[in-house]
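If you read the sequences in order, they're chains A and B.
Read in order, the letters of the first sequence correspond to residues 375 to 652 in the numbering used here.
Read in order, the letters of the second sequence correspond to residues 36 to 313 in the numbering used here.
Everything labelled a hint here was simulated from the structure, so no lab data went into it.
For glycine and all other residues, C-beta sits at the position ideal for the given N, C-alpha and C.
Hints are not guaranteed to be accurate.
[Unchecked claim] Partial list, derived from the structure: chain B residues whose beta carbon lies under 10 Å from chain A:
hint	residue
1	L57
2	I58
3	L59
4	R196
5	P212
6	R285
7	W289
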Amino acid sequence: MPISEVPASRTAGEPAATGTAGADPFIRAAGIDKVYGDEASGVVALEAVDLDIAQGEFVAVVGPSGCGKSTFLRILSGLIPATAGEIWFGAERLSGPRHDIGIVFQAPILFPWRSVLDNVLLPVDVQRRDRRANLGRARELLDLVGLEEFEKRYPAELSGGMQQRVGIARALMHDPAVLLMDEPFGALDAMTREHMNVELQRLWLASRKTVLFITHSIAEAVFLADRVVVMTPRPGRIAEILTVDLPRERTLEMMSMPDFGDYVRRIRSHFGSVGATD
Amino acid sequence: MPDLSAVDSLRNRFLSVALLALILGLWEASVRLTGMPSFILPPPSQVGLALARGFISGLYYEHIAVTVFQVLAGFTLGCGLGFLLGVAVALNRYVAYFLYPYIVMFLSMPKVALVPLIVLWFGLGMTSKIVTAALISFFPLMVNTITGLNSVDRDRVDLIRSLGGSNSQIFLMLRLPSALPFIFAGLEIAITLSLIGTVVAEFLGAERGLGMLMQSMNFVMDTGGAFSILIVLALVGLTLNRTLLYVRRRVLFWERLERSGPAPDSKAERAASRMGGS
Chain A
375 MPISEVPASR TAGEPAATGT AGADPFIRAA GIDKVYGDEA SGVVALEAVD
425 LDIAQGEFVA VVGPSGCGKS TFLRILSGLI PATAGEIWFG AERLSGPRHD
475 IGIVFQAPIL FPWRSVLDNV LLPVDVQRRD RRANLGRARE LLDLVGLEEF
525 EKRYPAELSG GMQQRVGIAR ALMHDPAVLL MDEPFGALDA MTREHMNVEL
575 QRLWLASRKT VLFITHSIAE AVFLADRVVV MTPRPGRIAE ILTVDLPRER
625 TLEMMSMPDF GDYVRRIRSH FGSVGATD
Chain B
36 MPDLSAVDSL RNRFLSVALL ALILGLWEAS VRLTGMPSFI LPPPSQVGLA
86 LARGFISGLY YEHIAVTVFQ VLAGFTLGCG LGFLLGVAVA LNRYVAYFLY
136 PYIVMFLSMP KVALVPLIVL WFGLGMTSKI VTAALISFFP LMVNTITGLN
186 SVDRDRVDLI RSLGGSNSQI FLMLRLPSAL PFIFAGLEIA ITLSLIGTVV
236 AEFLGAERGL GMLMQSMNFV MDTGGAFSIL IVLALVGLTL NRTLLYVRRR
286 VLFWERLERS GPAPDSKAER AASRMGGS
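Start from the sequences, fold in the hints, and give me the full structure.
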């Protein structure tokens with residue numbers, strides 16, 4: 375599909391187009407500003423960010439370091455407040471950490487003194503729910519990420535890729551409405567990373583969670599996402615939102631096809647002066 | 036300590052014992068040949084005899100028991116209080132603000148300089164030794180507890196907060212276990228200092244204990260006996276340290292796993308390469 379048929383790009387400030395026409399947005403970020411330090415002299419991390427995300431949609435945010443994409447994820451998770459603007463989850467305005475969000479960070483950040491199974495059960499412990507009743511689900515999730523034989527092991531005994539899988543299983547444990555992923559595969563080698571992308575797509579096709587996926591890899595964003603939000607730095611703002619109209623289930627072979635290359639080139643054109651992200 | 040397992044062999048063990056015998060032989064020979072008075076430097080044979088006599092007559096057992104009891108009581112008291120105050124300083128800004136100047140002042144003061152005063156205030160019995168050992172082991176534990184509790188990884192805190200965890204959950208599930216390696220390092224310093232403090236206090240005035248025994252031997256120029264007490268003290272110190280190391284290895288079991296390193300990515304990936312595939 376040639377690029378000209380891709381829905382028109384929009385510039386920051388214009389009303390956001392929803393992923394599924396007509397439906398109420400599942401998540402709406404409206405006019406998000408974030409200034410670190412005091413408002414007059416502080417560093418502007420985000421400026422006028424508007425984004426609607428539909429239920430079950432996979433949205434990737436791509437941009438170079440310092441474009442505020444991680445800040446945006448933290449604001450969406452309720453961990454830090456925005457300087458201006460509002461986040462809505464359906465009809466509910468966000469005012470602090472919600473309990474129905476799963477987060478995966480760049481580092482797996484497992485708890486080294488907990489076994490793999492206990493790490494996956496962390497949300498159950500934090501939310502003081504019944505461990506025994508959730509044991510079955512924890513094992514199912516470990517099975518889903520291919521680690522069912524490793525439940526008694528400790529994180530230090532696992533490779534980086536396996537640790538990140540445990541992190542993903544943990545993020546899904548409390549059946550969150552939204553999965554926020556902050557460069558989850560950024561620390562992995564290129565081969566493992568491609569493999570994890572394929573597996574994440576499968577996982578998403580099976581669960582159809584709403585995903586916001588932060589990355590600085592353009593190819594990764596195009597491969598995974600329904601829509602790619604392109605952000606430019608200083609101040610961080612949305613340069614373009616691109617709908618990726620490639621068929622599912624996507625394969626690694628598709629990455630060498632002309633359509634795929636067109637999307638990558640189009641996104642990269644935003645970073646002309648900054649240089650490629652990777 | 037560097038890893039010495041590569042040079043450990045039956046032959047080298049034998050050589051190690053031979054080296055000890057050589058040193059002791061040279062010591063014995065030089066003392067006898069030069070006619071050195073034994074109250075200046077006793078030959079090892081005399082030290083060995085004194086050691087044997089001390090144990091066979093039963094004289095040493097009571098003093099060892101008294102010294103070890105004082106060390107452990109002071110260590111427990113000092114470490115307990117040091118831990119509690121460390122937690123208070125790490126968790127409460129007001130405690131930190133009002134107490135920290137005094138803590139820093141006492142920290143830089145050589146604690147043994149207080150021992151004469153402590154003996155004056157608490158008398159010649161066990162109390163003054165326990166107080167000394169407690170005072171001297173208090174600071175390393177408090178400082179290490181503060182450092183440990185503050186060393187916690189921000190992403191891990193965010194993870195628990197994003198699940199709706201409370202501050203007390205963050206403390207119990209995350210900050211305390213993260214601080215344990217620091218706390219054990221503090222305990223190792225404290226147990227050594229505790230023994231030093233107890234012996235110094237016994238030197239300055241005591242009714243029983245190894246320090247008192249050694250002091251009385253010095254008084255009658257029984258230098259061989261004093262040397263034998265030094266050996267007993269070294270063995271007591273070694274035993275206390277080894278016991279603590281053993282407890283540390285049991286409690287901080289994940290450190291050992293981390294040292295042996297994770298499985299290499301490629302191998303581990305093969306072992307678990309069907310994430311989502313089932």
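Hint-by-hint comparison with the structure:
1. L57: The hint is violated - L57 of chain B has no Cβ within 10 Å of chain A, the shortest such distance being about 43 Å.
2. I58: violated, 42 Å
3. L59: violated, 44 Å
4. R196: Given a least distance of 5 Å, the restraint on R196 of chain B holds.
5. P212: P212 of chain B check passes; min Cβ-Cβ to chain A is 5 Å, inside 10 Å.
6. R285: violated, 12 Å
7. W289: holds, 4 Å
In the structure shown, a violation is registered for the earlier hints numbered 1, 2, 3 and 6, in ascending order.
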